[in-house]
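Throw the hints in and build the complete structure from the sequences for me.
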Amino acid sequence: MTAKTATKYQVLAIQLIVGVGVIAFLFFASRFNSFLPSPIAVFIAGGDLLARPELYWNLGVTLYEALTGLLIATVLGIGVGVLAGANRAASEFLSPIILALYSVPKIIFLPVLLMVFGVGLPPKIANAALHAFFPIVLNSMVGMSAVNRLHLKVARSMVASRSQIVFKVFLPSMVLPVFAGVRLGLGLSVMGALLAELFEAQAGVGYLVHQFYAKGLIAEMIVLIIVVFVVILSINAGMQRIENRLNRWRGA
Amino acid sequence: MKGASMRISRKIKTRLGHLVVAVLFVAALETLVGSGAVSQLVMSRPSQIWLRLWEDLATSELWLSLATTVHEVSIALVLSLLVGTSLGYAFYCFRTFRRAAEPLLVAFYSAPAVLLYPVFMTLLGQSSATVITMAVVLGSVPIAINVAVGFAGIEPIWRKVGQSLNATPRQMLLRIMIPAATPVIVTGFRLGLTFALIGVIALEFLTYSGGLGRLISWRYFIFDTNGVYSGIVIVAVLSILVNSLLGTLERKVRSRWV
Chain L
1 MTAKTATKYQ VLAIQLIVGV GVIAFLFFAS RFNSFLPSPI AVFIAGGDLL ARPELYWNLG
61 VTLYEALTGL LIATVLGIGV GVLAGANRAA SEFLSPIILA LYSVPKIIFL PVLLMVFGVG
121 LPPKIANAAL HAFFPIVLNS MVGMSAVNRL HLKVARSMVA SRSQIVFKVF LPSMVLPVFA
181 GVRLGLGLSV MGALLAELFE AQAGVGYLVH QFYAKGLIAE MIVLIIVVFV VILSINAGMQ
241 RIENRLNRWR GA
Chain P
1 MKGASMRISR KIKTRLGHLV VAVLFVAALE TLVGSGAVSQ LVMSRPSQIW LRLWEDLATS
61 ELWLSLATTV HEVSIALVLS LLVGTSLGYA FYCFRTFRRA AEPLLVAFYS APAVLLYPVF
121 MTLLGQSSAT VITMAVVLGS VPIAINVAVG FAGIEPIWRK VGQSLNATPR QMLLRIMIPA
181 ATPVIVTGFR LGLTFALIGV IALEFLTYSG GLGRLISWRY FIFDTNGVYS GIVIVAVLSI
241 LVNSLLGTLE RKVRSRWV
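Protein chains in written order, with my numbering: chain L, 1 to 252; chain P, 1 to 258.
Accuracy of the hints is not assured; some may be wrong.
Stated by the list, open to error - In silico lysine to any residue, SDA-like type, Cα no more than 25 Å apart, as pairs: (1) P:Lys-252 - L:Lys-215; (2) P:Lys-11 - L:Leu-138; (3) P:Lys-160 - P:Leu-173; (4) L:Lys-168 - L:Leu-76; (5) P:Lys-13 - L:Arg-245; (6) P:Lys-13 - L:Ile-97; (7) L:Lys-153 - L:Phe-167; (8) L:Lys-8 - P:Cys-93; (9) P:Lys-13 - L:Val-80; (10) L:Lys-168 - L:Arg-245; (11) P:Lys-13 - L:Ile-98; (12) L:Lys-8 - P:Lys-11; (13) P:Lys-252 - L:Glu-92; (14) P:Lys-13 - L:Lys-168; (15) P:Lys-13 - L:Leu-99; (16) P:Lys-160 - P:Thr-96; (17) P:Lys-11 - P:Ile-240; (18) P:Lys-252 - P:Thr-14; (19) L:Lys-215 - P:Tyr-208; (20) P:Lys-252 - P:Gly-153; (21) P:Lys-13 - L:Phe-167; (22) L:Lys-215 - L:Glu-92; (23) P:Lys-252 - P:Arg-95; (24) P:Lys-13 - L:Pro-96; (25) L:Lys-153 - L:Pro-96; (26) P:Lys-252 - L:Phe-93; (27) P:Lys-13 - P:Gly-34; (28) P:Lys-160 - P:Ala-180; (29) L:Lys-8 - P:Pro-103; (30) L:Lys-8 - P:Ala-90; (31) L:Lys-215 - P:Val-26; (32) P:Lys-13 - L:Ser-91; (33) P:Lys-252 - L:Ser-91; (34) L:Lys-168 - L:Leu-71.
To be clear, the hints were calculated from the coordinates, so they are not data collected in a lab. As the structure is a prediction and not an experimental result, all values here were calculated from the model.
Below, the structure is given as structure tokens:
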């Protein structure tokens, strides 16, 4: 066994221990508090929920909202980021605005989104896009400014046209930071969709969580949290794989 | 001298640019909403928002909410610092632990963490305790990450200096490791405060447990559009102020600490 695989097993072992620890904590906590269910109750509730379509349907709604929002945020984020990063004056103008907005709790804009987009899916998608926009635009701007000057000089010395410079120098060097930004944006877009659903919704995981809480079905609620966690873990792991492959392709 | 004056004029130009855009934006909103092109149920006229803002600042309702929020953020920050620093130090000492916890934290941090709040509500009720707990969960993670990265990124030579001087572990920690890691850790503290503030406002918004967040969501439900925007402006200004204050502090520490 090489050192690399040894640490891999160690990592998995620690993750398992953390999981067991959480279950043990829940077990003890449920003894003291009558509202918290024991891990067994959660397990049973999980089996019940996973068998019915209700969970998958609502999960699909939330993922649809999050991914659509992410798509919009990516398009807008890359667009604004490229425009801002290309021009020195533009980036000096836009950076303070974007950085200032980054620290504002974006949930306070939710009432505005609800007023503008009404009810149903659009405000959730908008909230997801709003949350995911910022890491993407920041990373795009950084990616633009971090283009290797040497590459630009080489391109210019070969009398490359504008579009050639864009496609052969800028775009390849921007792929990595933009992808990292999109990966950050993924988690935030799901959070945005969930936050909007928790506030006011007719469908989706947030709505389901609210329903379970209102009916006192805490075990089912915990199952939902675990499901969302596993889903995001998987998507994140997948994106991490792609990012590693991109890293290697870039020769970084 | 020419370079310095060019830099100053560029800074002034950017600030002027911001001011011009802000004025144009407000004017556009005023005309759009005033003429009825945009419904008054969706957006308030900036003049109304301005008036409402001053009204609010005179009432005790706003200041009480502000006091609650500040109180919750302060407690959340202190607890986040404690939890985050300990966790970060554990991450630094046990590298495999960090590698194991990292994907779990990243996956947990964004979305599922938010869903935890009903669990905390079940345990702690609809109170400040829930808000503070969630805010600590959200705020301790950036602190932990930055403490770990800060300690890990210390130049090895500093540690060798300590060893060659026969420093005790306590001296190593206090006189070499902490000063060397301070710039990165200070950034982590600022991020921790930002996320703790975001967590507090978001939780107040969702759980109606008092503070500025509750104010905004309550006003939304009673269709007090002017009040909603006034609240948004107050929260936005508060976060931007706090963040820029901390940012300046952070820059001062970073520049002096090299």
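Hint by hint, which ones does the structure fall short of?
-> Going through the list in order, the structure violates hints 1, 5, 12, 14, 21, 22, 23, 25, 27, 31 and respects the others.
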